[in-house]
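Participant: Letter by letter, the chains look like this.
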Amino acid sequence: DIQMTQSPSSMSASLGDTVTINCLASQDIGNYLSWYQQKPGKSPKLMIYGATNLEDGVPSRFSGSRSGSDYSLTINSLGYDDEGIYHCHQYYEYPWTFGGGTKLELK
Amino acid sequence: EVQLVESGGGLVQPGRSMKLSCAASGFTFSNYGMAWVRQAPTKGLEWVATISYDGSSTYYRDSVKGRFTISRDNAKSTLYLQMNSLRSEDMATYYCTRDGFWGPGTMVTVSS
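Here the protein sequences come in this chain order: A and B. So for the first sequence, the working numbering puts the first residue at 1; every next one is plus one. So for the second sequence, the working numbering puts the first residue at 1001; every next one is plus one.
Only chain A is shown next, with the shape it has when bound in the complex (with noise of 0.2 Å):
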């Protein structure tokens, strides 16, 4: 199986910054990789496809971007709705495989 490991597992941070949150896969995925955004009892929102596609909807202060096998996350201007769980997400191959999570608060 594709393992997903996700760093950080929680961060806090200041309205205004800049966060980065990373997922490594165990193999190559390719671009076969997503990021999701997860409030507390609600399901996920699909925020990246594609490792770096934008999904209709969502603010360009998300960005992901892709290094050989580490995929990153980044929300710029942070604002209090962006807090929540973060998941990646492999869809390379099956089993598909999360991240463990990422979960950001705001100071």
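Any given hint could turn out to be false.
Derived lysine-lysine pairs resembling DSBU-like cross-links, with alpha carbons at most 35 Å apart [unchecked claim]: (1) A:42 / B:1043; (2) B:1065 / B:1019; (3) A:42 / B:1019; (4) B:1076 / A:39.
Hints are computed from structural coordinates only; laboratory data are not their basis.
Mind docking chain B on chain A? Use the hints.
Facilitator: Leaving out everything else, chain B in the frame of chain A:
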């Protein structure tokens, strides 16, 4: 607007069965592969199963193979997950998903 609405969850005893449904609307259901993903309380996301657009291909995580069956009725735009021999570790919120769209989920509690 794409809508996915799960139903069928609830309390079930270990070893018993339960069938989840997902009613889809807002898109041509028969054109899309569908999946079930679950999330145990306070845990991460875990893919369960996927079915192709026409039902001809199915994929399962190892821990549910032989116990769970994913199926679909394209005439009814409905996805199913038949879960047999349920275990405590199957307790989770089960989400129906399609290409990044997720339903609100249905909770399955496995307890005696």
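Participant: Does each hint hold? Answer for all of them.
Facilitator: Consistency of the hints with the structure:
no. : hint            : verdict
1   : A:42 / B:1043   : holds, 14 Å
2   : B:1065 / B:1019 : holds, 15 Å
3   : A:42 / B:1019   : holds, 22 Å
4   : B:1076 / A:39   : holds, 31 Å
The structure shown violates none of the earlier numbered hints.
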